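Undergrad: Sequence:
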Amino acid sequence: SPAGMVLSVLVILLLSVLYEAVKMGKAVLLRRALLALPRSLSQEALTEPQEGASSPAQGSCPNPSLMAFPISFPRWFWLHVGQTLFHVVQVVLGYMVMLAVMSYNAWIFLGAIAGSTLGYFM
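According to full-length UniProt numbering, the sequence shown holds residues 1 to 122 in order.
Don't take each hint at face value.
Label-pair ranges, simulated between beta-carbon atoms [to be verified]: (1) Met5 with Arg75: 13 to 21 Å; (2) Ser1 with Phe77: 44 to 52 Å; (3) Phe121 with Ser8: 16 to 24 Å; (4) Val92 with Val28: 43 to 51 Å.
I should point out that these hints are in silico values taken from the structure, not numbers from a laboratory. Small disclaimer: the values here were computed from a predicted structure and weren't measured. Heads up, the beta-carbon is just placed ideally off N, CA and C, and yes, glycines get one too.
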């Protein structure tokens with residue numbers, strides 16, 4: 001039916017816009033993650049010890065093996081987790097749009113192109 005086709009084209013258009021928005025969000029997170037990385041990539045700089053925390057050499061920790069891993073993860077780690085989630089969403093959306101385009105319907109194809117163009121423009 002014509003109404004179903006219009007709805008299908010609009011859904012594909014919105015999926016394409018969302019794909020472009022996720023792609024831009026991933027780029028923003030990458031920039032923030034790179035800025036959050038310490039200048040020195042030594043193990044001490046990456047684990048970012050808590051301020052005021054005593055070192056395990058002082059004997060305050062009953063089990064020194066517990067200090068092998070940081071209790072809270074550094075900021076760059078959480079930004080990388082966010083990037084990973086954005087990447088999964090981007091891949092899923094990309095495959096959904098690809099499957100719709102592979103229906104070989106010209107209107108669906110034009111909806112995907114228009115959505116991608118609109119999403120990039122925004």
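Undergrad: Now tell me if each hint is right for this structure.
TA: Okay, the hints, checked on the actual structure:
1. At about 47 Å, the CB distance of Met5 to Arg75 disagrees with the hint of 13 to 21 Å.
2. Look at Ser1 against Phe77: about 50 Å separates their beta carbons, and that is inside 44 to 52 Å.
3. In this structure the hint that Phe121 and Ser8 lie 16 to 24 Å apart at CB holds, the actual value being about 22 Å.
4. Distance hint check: the CB atoms of Val92 and Val28 are about 19 Å apart, inconsistent with the given range 43 to 51 Å.
In terms of the numbered hints stated before, the structure departs from hints 1, 4, listed from lowest to highest.
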